[in-house]
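J.: Take a look at the letters that make up each chain.
Number of protein chains: 2
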Amino acid sequence: MSQHENHHATSVIAVDWGTSSLRGARLDAQGRALEERAFARGIMTVPPSEFASVFEALFGDWMSTEGTLCLISGMAGSRQGWVEAPYCACPAGFDELAGQLAWLPQGALNPKGHRIAIVPGMSSEEAGVPDVMRGEEVQIFGAMQLSGWQNGLFVLPGTHSKWAVVQDGRITSFKSFMTGEVFAALSQHTILAKTIATDAPFDEAAFARGVANAQGPAGLLHHAFSARTLSLFGRMQAGPLASYLSGLVIGEELRAQTIGPVAEVVLVGSPGLNQRYSLALHELGLRCQTFGSEATWRGLAALAAKVNA
Amino acid sequence: MSQHENHHATSVIAVDWGTSSLRGARLDAQGRALEERAFARGIMTVPPSEFASVFEALFGDWMSTEGTLCLISGMAGSRQGWVEAPYCACPAGFDELAGQLAWLPQGALNPKGHRIAIVPGMSSEEAGVPDVMRGEEVQIFGAMQLSGWQNGLFVLPGTHSKWAVVQDGRITSFKSFMTGEVFAALSQHTILAKTIATDAPFDEAAFARGVANAQGPAGLLHHAFSARTLSLFGRMQAGPLASYLSGLVIGEELRAQTIGPVAEVVLVGSPGLNQRYSLALHELGLRCQTFGSEATWRGLAALAAKVNA
Chain A
0 MSQHENHHAT
10 SVIAVDWGTS
20 SLRGARLDAQ
30 GRALEERAFA
40 RGIMTVPPSE
50 FASVFEALFG
60 DWMSTEGTLC
70 LISGMAGSRQ
80 GWVEAPYCAC
90 PAGFDELAGQ
100 LAWLPQGALN
110 PKGHRIAIVP
120 GMSSEEAGVP
130 DVMRGEEVQI
140 FGAMQLSGWQ
150 NGLFVLPGTH
160 SKWAVVQDGR
170 ITSFKSFMTG
180 EVFAALSQHT
190 ILAKTIATDA
200 PFDEAAFARG
210 VANAQGPAGL
220 LHHAFSARTL
230 SLFGRMQAGP
240 LASYLSGLVI
250 GEELRAQTIG
260 PVAEVVLVGS
270 PGLNQRYSLA
280 LHELGLRCQT
290 FGSEATWRGL
300 AALAAKVNA
Chain B
0 MSQHENHHAT
10 SVIAVDWGTS
20 SLRGARLDAQ
30 GRALEERAFA
40 RGIMTVPPSE
50 FASVFEALFG
60 DWMSTEGTLC
70 LISGMAGSRQ
80 GWVEAPYCAC
90 PAGFDELAGQ
100 LAWLPQGALN
110 PKGHRIAIVP
120 GMSSEEAGVP
130 DVMRGEEVQI
140 FGAMQLSGWQ
150 NGLFVLPGTH
160 SKWAVVQDGR
170 ITSFKSFMTG
180 EVFAALSQHT
190 ILAKTIATDA
200 PFDEAAFARG
210 VANAQGPAGL
220 LHHAFSARTL
230 SLFGRMQAGP
240 LASYLSGLVI
250 GEELRAQTIG
260 PVAEVVLVGS
270 PGLNQRYSLA
280 LHELGLRCQT
290 FGSEATWRGL
300 AALAAKVNA
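Chains as they are written, first to last, in numbering that gives the first Met the number 0: chain A, 0 to 308; chain B, 0 to 308.
Note that these hints are calculated values from the structure, not bench results.
Hints are supplied without guarantee of correctness; some may be wrong.
It does not matter which identical chain is meant; a pair holds if it fits inside one copy or across any two.
[To be verified] Computed cross-link-like contacts, SDA-like style, restricted to lysine to any residue with a CA-CA straight-line distance of at most 20 Å:
1. Lys111 / Glu34
2. Lys193 / Gly215
3. Lys193 / Gly17
4. Lys193 / Pro46
5. Lys193 / Pro129
6. Lys193 / Met43
7. Lys193 / Ala183
8. Lys305 / Glu35
9. Lys193 / Gln79
10. Lys305 / Gln149
11. Lys305 / Asn109
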């Protein structure tokens, strides 16, 4: 047990440090955010030697109280992050995650000797192919607490969406889907870029049509081309086309998830993605409970409580 | 009937003018290429007013014999091409295609009054969603003649692959798959770009593994992520990864084609794509006959013979 773990903190700082964004919160005793900060300082923008100084500039004031504990989830624990926190293998529960925190030793990585630990990501393996997540595992454990679900399917939409199976409070397996990134690549770097207005307002009817069309058996490579031909034949304008393509890609994710039949899932994402996935799930006859950043804070707060116990 | 059609040409020039490339051939009486030329002058590189001058610079010498007929297939007949040749709707046979040639009138579009016609593309519609091809229809009719098949499944791999059903010598329906373009977008414009050596030599074993993995039910959005994780876990190097991803995307195309069970298909593509698709088809227990540019020349020659008859 690290010397850090014997420390009884009164203050907890939660940070979600992802590839392209960075969010932090000061938490109350119930794991709710008293104050939040967000920056466009994802790990892609931070050179390896500058994590400590970037952290200090953005959150140093929050760490000034003696004994303050900071837990960081997300890509900050990847090989390109602050310090590598090796993946925790599925099936795994909250205790395994808490037991594999990567503490930042005082020194070059942590000049001020702050009490900071990075939460490991998780890995899952199927048929010889590994899968990984970093940050979503904390959201899932937080969402378990918020929803009261100890069993079920947890869906985390994003650049690389995650579908995780939870049994008896443990994450038993999960799958990634490159949904957000494929949508961006299709809409910006293929022939579809010519006719799609990616900044158009969301069009619910066009989105729903995309979700429905994606359920056909011919797959995304075929269906994506319909965003080209509907435009070519003047049957859909550039604005709705963006929502239609979004529906096709999210619809493909829903079509292809192989967890099995469920009636309801827990959805944890940004407000915009939660809206789209709720609509898509509803379109396919599924219900969902939705959570946002509070799941991250709640998950990190629970880990902090365990460390401080 | 155009005055052009009464002309009895002795010479036939066949041109396949696509989005990114331009190929032409002088044909003999049997529709074989006596001489071929290829240029990186796809229609994307040609401003609307310059088609005639580009054509003249590249093929003018071939047109100098009185009565020479030139037939052009491909994107030159699109709205962004030389002159628009409206789509011929499925089901359609060789006669419908020949009957809808778009002749270039003498004038600004055709200052020298050459005897040039553009072959229409074809359209297919399913469940309210149109599909289109330009150029591939000529390859299919050419491959019908070369293979002797009047019934069967014709596969044309490429940027936007086509799978066409032929019955009694007519194309009854077809589907497009954005395979080539999605492979390029995934390998260049997503996180996979970091760890894939797109210029690596072809690795047959990695390709076959990709084809096999793509047959799983979780779909391309999931399987593509395995190209990330196999690299992350040091289980596949950057060179083989390019072939693996190619196998995943081509394997998804094969998985998702919904034409029904067949034992053998006709494959018409470039040597490199024919190699990959032959391997992938074989991997899934299908046989194929393969043809290359000779299918284009043979198809255009057959149309020319009809015009000159």
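J.: Next, verify each hint and record whether it holds.
T.: Status of the hints after comparison with the structure:
Taking the closest pair of Cα atoms, Lys111 and Glu34 never come within 20 Å of each other, the shortest separation being 23 Å inside a single copy and 75 Å across copies. Within a single copy, Lys193 and Gly215 get their C-alpha atoms no closer than 25 Å, and across copies no closer than 32 Å, so neither meets the 20 Å cut-off. With identical chains, the CA atoms of Lys193 and Gly17 are at most 20 Å apart between copies only, with a shortest distance of 17 Å across copies and 31 Å within one. Proximity of Lys193 to Pro46 under the C-alpha cut-off of 20 Å is restricted to the inter-copy arrangement: shortest distance 17 Å between copies versus 35 Å within a copy.
Only between protomers do Lys193 and Pro129 lie at most 20 Å apart by alpha-carbon distance; the minimum there is 18 Å, versus 36 Å within a single protomer. Within a single copy, Lys193 and Met43 get their C-alpha atoms only as close as 28 Å, which misses the 20 Å cut-off; across copies the closest is 12 Å, which meets it. Taking CA atoms no more than 20 Å apart as the test, Lys193 paired with Ala183 passes in both settings, with 13 Å inside one copy and 17 Å between copies. Proximity of Lys305 and Glu35 under a CA criterion of 20 Å is satisfied in neither setting, with 22 Å inside one chain copy and 74 Å between copies.
Taking identical chains as interchangeable, the C-alpha atoms of Lys193 and Gln79 lie at most 20 Å apart only when they sit on different chains, with a minimum of 12 Å there against 35 Å within one chain. For a Cα distance limit of 20 Å, the shortest separation of Lys305 from Gln149 inside one copy, 18 Å, qualifies, whereas the shortest one across copies, 72 Å, does not. In this assembly of identical chains, Lys305 and Asn109 lie within 20 Å of each other by CA distance neither inside one copy nor across copies; the values are 23 Å within and 80 Å between.
Consistency note: the structure conflicts with the earlier hints numbered 1, 2, 8, 11.
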